[in-house]
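Novice: Protein chains in written order, with this note's numbering: chain A, 1454 to 1656; chain B, 1454 to 1656.
Some hints here could point you the wrong way.
Unchecked claim - Computed footprint of chain A on chain B; a stretch qualifies when at least three of its residues, placed anywhere within it, have a C-beta under 8 Å from a C-beta of chain A: (1) 1540-1552; (2) 1575-1586; (3) 1596-1608.
Claimed, not checked - Just so you have them, the derived chain B footprint on chain A, three or more residues with Cβ under 8 Å: (4) 1518-1525; (5) 1540-1550; (6) 1580-1590; (7) 1595-1601.
Rather than coming from a laboratory, the hints here were simulated on the basis of the structure.
Just so it is clear, the structure is predicted and the values come from calculations on it, not from any experiment.
C-beta atoms are modelled at their ideal positions from N, C-alpha and C, and glycine is treated no differently.
Protein chains: 2
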Amino acid sequence: MKLYGAPMPAPNPRRVRMFLAELGVDVPETPVDLRKREHKSPEYREKNSLGQIPTLELDDGSTLSESVAICRYFQALHPEPALFGGTAFETAQVDMWIRRVEFIVMTPVGNFWRHAHPFTAPLLTQFKDFGESNREAYAGAQRWLDRELAAGSFIAGETFSMADICALSTVDFASWIGLPIAPEHTRLTDWHARVSARPSALA
Amino acid sequence: MKLYGAPMPAPNPRRVRMFLAELGVDVPETPVDLRKREHKSPEYREKNSLGQIPTLELDDGSTLSESVAICRYFQALHPEPALFGGTAFETAQVDMWIRRVEFIVMTPVGNFWRHAHPFTAPLLTQFKDFGESNREAYAGAQRWLDRELAAGSFIAGETFSMADICALSTVDFASWIGLPIAPEHTRLTDWHARVSARPSALA
Chain A
1454 MKLYGAPMPA PNPRRVRMFL AELGVDVPET PVDLRKREHK SPEYREKNSL
1504 GQIPTLELDD GSTLSESVAI CRYFQALHPE PALFGGTAFE TAQVDMWIRR
1554 VEFIVMTPVG NFWRHAHPFT APLLTQFKDF GESNREAYAG AQRWLDRELA
1604 AGSFIAGETF SMADICALST VDFASWIGLP IAPEHTRLTD WHARVSARPS
1654 ALA
Chain B
1454 MKLYGAPMPA PNPRRVRMFL AELGVDVPET PVDLRKREHK SPEYREKNSL
1504 GQIPTLELDD GSTLSESVAI CRYFQALHPE PALFGGTAFE TAQVDMWIRR
1554 VEFIVMTPVG NFWRHAHPFT APLLTQFKDF GESNREAYAG AQRWLDRELA
1604 AGSFIAGETF SMADICALST VDFASWIGLP IAPEHTRLTD WHARVSARPS
1654 ALA
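Using the sequences and the accompanying hints, generate a full structural model.
Specialist: Structure follows, in structure tokens:
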């Protein structure tokens, strides 16, 4: 089995590394050089037609992409600890929170990166006004998430889950591109410290 | 159990109705009047802080939102037919395809609706140039999906799955807002006819 990825700050390969560290499963990462655009090469696109990382390649040559789908596969092979929830309702709740993190929190961060950040400007056509508007959208997402965290220590309640991994990779990527957590969001700040203190956060 | 939703063209409640019809499970929908902005009322936000539909309310008052998470919950209660995949790898593949449909196909449709469509103009600040640019992004998504459909009759391969439900709701919503399937995409057109012919598509 081969896991294609890239080091920090790339947020999506980090999710898989962190998930594997939580499971205690060792799958070394095969690096894809993003600066050399290796992820857009014909060879890599054979494995993932979208040219994105991470991608998991099984020994029979079949491939799987999308960070959360790859983690779901490893969870099925290694059921404990249950990071996608235990009961039917908990599993659905974790899925709901993964989706909320991606649509509400990650979307404005991605839009800012794509349309307002100087790093991507030479690579893509940017709509700067739209891109800049995502600062406020992400500020709103932080306010919402900070309120929601009144319900528990972790994103999906009192248990650490895949939703925390998705949120940590998002919030840290956002900080790296210039969108830090606003200090008035004390619950979000505390959550960030709590999750960052896990050894898996360094994976 | 109460399922809050709204009729067509709202794409996300339709996914749950179609999924339930495929399972043969009858859960009547409690309508939320979007034109009266009932989904943004304080009462509804008690059930879903994001003010979105659908939301499922269990008899103990606990709630679940996000179309795919709600369907995942119903699948756990009614395992057959397995619309989220069978084996560990198939399950991960269906999840990958759900995510690809949402990030690659639904995102430009949503951006066009949000930033370029006259219907939303009075409700929200639009970035029109950005919104219009999503016509080409959606055209690219159609080209990509049409190529991918060479691998099988359905989105995730040879078996109908939740990924088809997500894709149908997206493509039909796109057509409704003025972004039809381009006729040169014959595989995508055939897939659309195949999935639309299922009785569940009328749910």
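Novice: Hint by hint, say whether it matches the structure.
Specialist: We went through each hint and held it up to the structure:
{"no.": "1", "hint": "1540-1552", "result": "holds (count 8)"}
{"no.": "2", "hint": "1575-1586", "result": "holds (count 5)"}
{"no.": "3", "hint": "1596-1608", "result": "holds (count 3)"}
{"no.": "4", "hint": "1518-1525", "result": "holds (count 6)"}
{"no.": "5", "hint": "1540-1550", "result": "holds (count 7)"}
{"no.": "6", "hint": "1580-1590", "result": "holds (count 4)"}
{"no.": "7", "hint": "1595-1601", "result": "holds (count 3)"}
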